[in-house]
Each structure stands twice: as structure tokens, then as C-alpha cells.
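Q: Chain by chain, the residues:
There are 2 protein chains.
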Amino acid sequence: METLLLNGTDVRENASMTDLVPAVEDAFAAFERGDAQMPPKSYIDLPEYNGDFRSMPAYLDAGTWDAAGVKWVNVHPDNPEKFGFPTVLGTMIYSDPETAVPLSIMDGRELTMLRTGAAAAVATDHLAVPDATSLGIVGAGAQSYTQLRAIAEVRDIETVVISDLDEERVAKFVAEFEGEYDVRAGSISEVASCDVLSTVTPVESPIVARDDVGAHTHVNAMGADATGKHELADQILLDSKLVIDDYEQTTHSGEINVPWSEGVLDDDDIYGSVGQIVTGSKDGRTDADGISVFDSTGLAIQDVAAAHVVYEHATEKGNGYAFDLLGLA
Amino acid sequence: METLLLNGTDVRENASMTDLVPAVEDAFAAFERGDAQMPPKSYIDLPEYNGDFRSMPAYLDAGTWDAAGVKWVNVHPDNPEKFGFPTVLGTMIYSDPETAVPLSIMDGRELTMLRTGAAAAVATDHLAVPDATSLGIVGAGAQSYTQLRAIAEVRDIETVVISDLDEERVAKFVAEFEGEYDVRAGSISEVASCDVLSTVTPVESPIVARDDVGAHTHVNAMGADATGKHELADQILLDSKLVIDDYEQTTHSGEINVPWSEGVLDDDDIYGSVGQIVTGSKDGRTDADGISVFDSTGLAIQDVAAAHVVYEHATEKGNGYAFDLLGLA
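As you go down the protein sequences, you meet chains A and B in turn.
Last residue of the first sequence: 595 in the numbering used here, with the numbers rising by one and none dropped.
Last residue of the second sequence: 595 in the numbering used here, with the numbers rising by one and none dropped.
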């Protein structure tokens, strides 16, 4: 019994967004139906290294497939400058739920970016205007690429506007996509008036103002992942159809955590969860809706669903390196 | 930056008990001093497969070294009969705390057996009579081997008596060790009257009676790892110097969990933790002591400490297979 090792390139090459987006939608649905298990993330804080580790175990039963695993991920902001490593790394163990055999061990960093893009696409599919053609992105880091790749699966995106203080990052993003889209740099207000907006920054003071946002824009608020972080002005949240991925995680560390803890926003301001929408127990966008916001913190079930897709593809194509980790022969 | 893959054989060959026992002692001490982080184990129960997964993340700072990681482990009792796999498998991700780079991924099954043996040895070192020469073991499964290997590091064991209903297992154990020790099969009372007794069975009704145990025997109760399991008669616990590894874990799923939940045993019956003993804040065995018992449930810090030893040895010897999991080159 061998374990398939998949590095970042293998993960990227085997994570077709065409399969990944529905798999993540299946995961949200399974979670909503109660067919998933996702213990709270466990944190290990290492102030001496200005970093932390998080373990994210999950199981989900999507009906035609099920999957289990754990992602071990971290945030080490000093990594780029001190060591030349990314701030966020990650390792995913993907296991057979029936036998617990570790079917695959894969790069969790690439997986995180891909499943985060896929989550935005699921929300966009249900919450953006049906004829959306423009996508704005605030933040031109690693996450911006998978936002575009994924959202283009669910809407016919023609125009992409990107905003980032770092001009080099913007140029790199534009160069990557200029053959496929009408892509250009723009101000926050140009970006935020697109049909779909994704924010993927780690800021602690909102950078998108209420007036920036288009009347019917759907916003994927992807950046906030810790207490104190938020990207959108409170009034955007208060005026929107506000959808979350998970109540505990979003009130603790999602886009809504700051106004929530300040009492600016409460339960009544939350329309529902993405799981309720994908299972049909609550409506997605209706003609009456203006702005919609998806507050995404990232769920362990997304990782497990994405790992499932990657493993199935890689096995089929014969990618990766098979290693006898258990020695059970 | 490559990740060192170590299979079961690699783990075994690089886990010298001479280094492992003090490393696990260091881990208990770090935990007691507050220099370790160990969030509660997260469980995923899969009744449809009669199994479960547990994630066990930890960090510890032993002073001269520190270590972080997560073990992903399971209990699938149908594995042997249905699939020819062991009931318990496991995978360990061992990470650099400073950068979060996964330094090594190793077989967690072998690691579990080794660190469990090492924990028994640490307790035995502090709680058995100094001139102990006989070791009794109840249960001749995989854990029995590492009990003997580890305990022989801290006492001059000459005689080993083993008891198990499965004669084939007993014969295999005897064959393994007969060149090194005076080793033989024996009844429970013969086994339990040795200077040191280790119990490594998954039973739910005690199999060692009060009268079986020698007047000064030190007992390592290693088998109980879930609510409802216990191996020793309540009276043994009540009459002993009772030492635990962790209060939450032992009262929930350790040897003491059944009498605890029934109110037969309470806080006053617990002498202290192994961490208190190794740091010197409480005495180990004194001349006044009769029976002593160590209730071991197994802590994530033991895994991290053991992984540290294995990784350091394997790196030094050039063992294992280096794989570019991150692709950061």
C-alpha cells in the first residue's frame, strides 16, 4: 500500500477548477446536511517565532464519494524576508476513511489557494448577477490567481481589474492573464464597481469604502483570517445580503469579526450560510438584491474535497511519486 | 528545501531508545514547566466504518531543542480481518517551528509504539524499585516489544514473563527475545508479581486482580485509550501511588476513566503527574511506597519528541528519501 506524494506543481496540475468548484460545493452541502465532521481548528501560537500552526481535520460524505484528512498549515509572516519562504506553507494528509491508509500527502499551500478560489466561485455562482462579465480583485498576491481561474468557471468573465500597492505584483498578474482577458490595473473604486469583487489582502483597516462598491456587485471577502482583520467598510456588510461560510469561524476571525465584536453587526445582519444556499434552503441572489457579500474563512472540508479531486486526477494520470510510507507491503 | 520521508523501518532504525527515553522525559518536563503547547486531540468518529481519526498537534521547547508537529492517527478495529491492515495506522508531520517547513513525514504507527515504550520507561525509571530485574507484560501485541526495549534502558532487566491468550503471539515474543533475556510465558499472577508490570491490552474488564500484584511492583497501565477501557482492578489503583500523564486525558479515556466516572476514585487518589515527578516537584518512589501505577494515555508531545530524535538520527545517517514537497527549490 503506497502513499502518493504530490508536490505543489502536481497539486496545481491535478486540480482542474472544472472539478474543484463542484467538489467544494458538494462539501458545503454535506456540511449543511450534517454529513461532514469538522472539529474546530487547533492553534499553536509561537510568539517567539512570530508564527503559528493550525491543524484542520475533516471528513465529509458527499453521497457518491467521501473523503478524510488533515491539513497542517501555518502563518509565519517573517518567512519571506528572513528565509525566502512563503508566509503560509501547508501539508495535507489525505486518507481513506474506510481503512485510514494515507492515500496521499500533498503540498497544502497550493491546495489552500485552489480551494479558496473554488469557494469564491461557489458563492459567486449563487450570488453574482447571472450576466456578470467583470471581475475586480483587490490584492495581487498568490490568492488573486486562483480567484480569477475559479470564478471564470461560473461566469463569463471578460474584464478583469486588479488593484495592489505593489506595482510589480500587478504587472505580473496582468502579464499572466493578458492573453485570456481584458485585464488592467485600476483604483479600488474601479475594481469594486465590477460585477464581482474579490478581496484577498491581510489588512486590519478596511480598504474598500461603501461608495466604491457597485449597486449589484457580489463581493467575495477572502482576506480576513484572524481576529482584527477586515477589508470592507462596515456599511458594506450592513447594506448587503451577507453570507458566511461558518458561524464560529467568521464571527471569530472572518471579515465580520471586527464589527461583530464591536456590536456594529449581529445575528440579524447575517442572511445565511453558503451551505444553506447551495442546498436550496435559502435563496441565492434574487432580483431584489443589491450588494451581496460572502465572508469566507476557509473550512477544513474544502481542503478535504480539493484533496479528493487532486488525488483522483493524479492517480488517473499516473502523476506524483508513490512511496511505501507504512511499509505494510 | 526537501522533506525527509521515513517509513516504518526508517523510524525504527533511527529511534534509539537510549535517546528516545530522555527525549520523552524532556517532553514531560517541558509540558509541566509550561514550555509546551498541546491542544486537545480532535476526534472524527466514523461509525459507518467502525473507526475514528484523531489529530494530535503539539509544540515543545526542551531548552536545547524544540519541535513541532502533528500526528494523524486512527483506530479501525476491522482493518486486520477485512483488509489485512493494522488497526492503528498513523502519519506524523514533523515541522521546523521557526519556518514551518515540514522537515520530515514519517510513519506514525511505528513512532507511536516507540514513544509509548519510552513513556513507560520514564515512569519506570522514577517509580520502580531501583534494583528491579524482572518485567512482566500482559498482552503480547506490537506494543509489548517496545515496552521491553525501552524499560531495559532504565533497569537491568534479566527476567521477562509474558501473558497473552494468543499462544502464537507469546511464542513470537519469546522467540524474539530469548537470546537476550530469561523470557517465558506465564499466568497473569506470575506476570504481575514481577518488579515491573506493563499492561498493553484493549480490554474493558480488568484482567489484573489486586492479589496478582507484587507488594512493590510498579505498573505501567498502557492499554486504556478510550472511555470504558481498563485493565487493572480498582483496588490496585486505590492502593497504589497513582501517577498519570495528563489529567484531562486520563480521566476521560485512561486506565482511571471507569472508576473515575463511577465515583470509585477521585482527585485525592491521584498522587501526581509524571511531569511533576520528572521535574522534581513531587517524589518518585520512596522507601515507604508499595505498588505504584502509571496511567499513560499517550500525549502529542511524546510524538513530537520522538519525531525529533528520529529526524536527527536519520539526517545524520543519511537515511530516508528526500522529496521536494513544497517545490520552493
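Keep in mind that the hints are not guaranteed to be accurate.
All copies of an identical chain are treated as equivalent in the list; a pair is satisfied when it fits inside any one copy or across any two copies.
EDC-like cross-link-like pairs, simulated, lysine to aspartate or glutamate; straight-line CA separation at most 16 angstroms [unchecked claim]: (1) K548 / E298; (2) K495 / D422; (3) K438 / D422; (4) K438 / E347; (5) K548 / D534; (6) K583 / D535; (7) K348 / E314; (8) K583 / E456; (9) K495 / E470; (10) K348 / D362; (11) K438 / D301; (12) K583 / E279; (13) K438 / D448; (14) K583 / E470; (15) K348 / E364.
If you are wondering where the hints come from, they were derived from the structure by calculation, not from laboratory data.
Q: Decide, hint by hint, whether the structure agrees.
A: Hint-by-hint comparison with the structure:
Taking identical chains as interchangeable, the C-alpha atoms of K548 and E298 lie at most 16 angstroms apart only when both belong to the same chain, with a minimum of 12 angstroms there against 50 angstroms between chains. When the C-alpha separation of K495 and D422 is checked against a cutoff of 16 angstroms, the pair qualifies neither within a copy, at 31 angstroms, nor between copies, at 59 angstroms. For the identical chains of this complex, K438 and D422 are neighbours neither inside a copy (23 angstroms) nor across copies (67 angstroms), given an alpha-carbon limit of 16 angstroms. Neither within a single protomer nor between protomers do K438 and E347 lie at most 16 angstroms apart by alpha-carbon distance, with minima of 20 angstroms and 55 angstroms respectively.
When the C-alpha separation of K548 and D534 is checked against a cutoff of 16 angstroms, the pair qualifies only within one copy, where the shortest distance is 15 angstroms, while the shortest distance between copies is 54 angstroms. In this homomeric assembly, K583 and D535 never come within 16 angstroms of each other (Cα to Cα): the closest approach is 46 angstroms inside a single copy and 60 angstroms across copies. Taking the closest pair of Cα atoms, K348 and E314 come within 16 angstroms of each other only inside a single copy of the chain (14 angstroms); across copies the shortest separation is 47 angstroms, beyond that limit. For the homomeric pair K583 and E456, neither the shortest alpha-carbon distance inside one copy (42 angstroms) nor that between copies (58 angstroms) is at most 16 angstroms.
Taking the closest pair of Cα atoms, K495 and E470 come within 16 angstroms of each other only inside a single copy of the chain (4 angstroms); across copies the shortest separation is 49 angstroms, beyond that limit. Within a single copy, K348 and D362 get their C-alpha atoms only as close as 38 angstroms, which misses the 16 angstroms cut-off; across copies the closest is 14 angstroms, which meets it. Taking CA atoms no more than 16 angstroms apart as the test, K438 paired with D301 passes in neither setting, with 41 angstroms inside one copy and 44 angstroms between copies. For the identical chains of this complex, K583 and E279 are intra-copy neighbours only, at 10 angstroms inside a copy versus 35 angstroms across copies, given an alpha-carbon limit of 16 angstroms.
For the identical chains of this complex, K438 and D448 are intra-copy neighbours only, at 15 angstroms inside a copy versus 71 angstroms across copies, given an alpha-carbon limit of 16 angstroms. Taking identical chains as interchangeable, the C-alpha atoms of K583 and E470 are never at most 16 angstroms apart, the minima being 43 angstroms within one chain and 47 angstroms between chains. In this assembly of identical chains, K348 and E364 lie within 16 angstroms of each other by CA distance solely across copies; the values are 10 angstroms between and 43 angstroms within a copy.
The structure fails to meet hints 2, 3, 4, 6, 8, 11 and 14 from the earlier list, while all remaining hints are met.
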